[in-house]
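Visitor: Sequence:
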Amino acid sequence: MRLRDVDLNLLVAFDALMRECHVTRAAYRLDVSQSSMSLALSKLRVIFHDPLLVKCHNGLIATEKARSLVPKVEEILRSVDMLLSEQQPFDPSQAQETVTMIVIDYIDFVVMPRLLSELQRLAPNVSLRIVGPNPRRLGEVMSNGEIDLALSYFPEPPDNIRTRPLFSDRLVGIARAGHPLFERPLSLDRFCDFAHIAIEPAEGATMYNALVDDAMRRAGRQRRVAASKPTFLGVPFIVAQTDLVATLPERVAQRFTDIAPIRIFEPPLALEAINVVQMWHDRTHNNPLHRWLRELIDQVCGHWR
Numbered sequence: 000m001r002l003r004d005v006d007l008n009l010l011v012a013f014d015a016l017m018r019e020c021h022v023t024r025a026a027y028r029l030d031v032s033q034s035s036m037s038l039a040l041s042k043l044r045v046i047f048h049d050p051l052l053v054k055c056h057n058g059l060i061a062t063e064k065a066r067s068l069v070p071k072v073e074e075i076l077r078s079v080d081m082l083l084s085e086q087q088p089f090d091p092s093q094a095q096e097t098v099t100m101i102v103i104d105y106i107d108f109v110v111m112p113r114l115l116s117e118l119q120r121l122a123p124n125v126s127l128r129i130v131g132p133n134p135r136r137l138g139e140v141m142s143n144g145e146i147d148l149a150l151s152y153f154p155e156p157p158d159n160i161r162t163r164p165l166f167s168d169r170l171v172g173i174a175r176a177g178h179p180l181f182e183r184p185l186s187l188d189r190f191c192d193f194a195h196i197a198i199e200p201a202e203g204a205t206m207y208n209a210l211v212d213d214a215m216r217r218a219g220r221q222r223r224v225a226a227s228k229p230t231f232l233g234v235p236f237i238v239a240q241t242d243l244v245a246t247l248p249e250r251v252a253q254r255f256t257d258i259a260p261i262r263i264f265e266p267p268l269a270l271e272a273i274n275v276v277q278m279w280h281d282r283t284h285n286n287p288l289h290r291w292l293r294e295l296i297d298q299v300c301g302h303w304r
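The sequence shown begins at 0 in numbering that gives the first Met the number 0 and counts up by one.
Hint data in this document are derived by calculation from the structure and do not stem from the laboratory.
Since this is a predicted model, take the numbers as computed values, not measurements.
If you anchor each label on the Cβ, the simulated ranges turn out as follows:
id	residue 1	residue 2	range
1	ASP281	THR97	14 to 22 Å
2	ASP158	ARG183	44 to 52 Å
3	ARG44	ARG161	30 to 38 Å
4	GLN119	VAL224	35 to 43 Å
5	PRO50	GLU249	54 to 62 Å
6	GLN95	VAL224	40 to 48 Å
7	GLU265	SER78	51 to 59 Å
Here are the simulated lysine-lysine pairs, BS3-like style, with alpha carbons at most 25 Å apart:
id	residue 1	residue 2
8	LYS54	LYS42
9	LYS64	LYS54
10	LYS42	LYS64
11	LYS54	LYS71
12	LYS71	LYS42
In this text, a Cβ means the ideal position worked out from N, Cα and C, and glycines have one as well.
The whole structure should be built from the sequences, with the hints applied where relevant.
Guide: As structure tokens, this is what we get:
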């Protein structure tokens with residue numbers, strides 16, 4: 000079969016079918032009818048001389064031939080996207096797309112308000128779909144298109160992910176105003192005597208919590224955790240009404256002092272910095288909107304560097 004006899008839009012349909020392994024969902028993904036997607040699958044089967052998707056006990060599964068074609072088709076589509084994008088300047092005010100981002104709640108506090116304000120001003124028809132972190136599957140969800148961009152503290156990103164530093168922060172302690180902790184200089188012994196709230200993001204305990212506990216282990220000590228939470232939400236109010244203490248990024252802690260009667264203190268530990276980065280996959284590296292958005296995020300975070 001010759002190239003001029005093939006509709007290249009079928010490769011777009013192939014990409015959607017492989018991502019969804021479901022004809023109806025693939026049709027929804029491309030905003031076409033189910034019958035159109037079924038017809039596209041039939042044509043693809045003729046072109047590649049393979050069924051591509053076959054039935055299994057819980058739906059459809061890609062054949063070995065289909066799986067081998069996925070990276071090749073992705074590369075073709077990426078090259079075509081780059082070719083078309085280079086032909087015209089990008090105007091963010093005319094963009095009408097949705098970008099799916101992983102944003103940890105720390106970034107939600109300190110970055111997203113200003114970023115969304117700028118986005119509304121410069122690209123009002125671009126939407127952000129914000130989802131929570133999933134460190135165990137970061138490389139997978141980025142490469143398969145579930146996630147476009149991540150703003151996070153992530154010490155060891157997967158090899159197939161590009162990163163760009165945004166800013167650094169440090170960990171500080173918070174306790175209620177009038178807490179016994181403030182009555183005299185804080186030693187590591189006294190710090191360990193108080194009960195702590197630990198922040199453990201979903202499937203991401205290697206984040207803030209590990210920085211504290213690793214420093215504790217290096218000092219040969221262990222803190223007593225009375226409660227652990229997946230987000231910062233509610234922490235300042237719990238701290239304000241108890242003798243519990245928490246160790247948080249400084250920029251979040253400073254925000255909390257505005258909404259609750261709490262004070263910031265220096266933990267008696269050598270704690271590593273929190274280096275916040277944005278992360279993306281080669282799949283979106285040359286996409287004009289994504290390139291523009293990454294630059295905007297960098298500008299928004301620039302005054303913290």
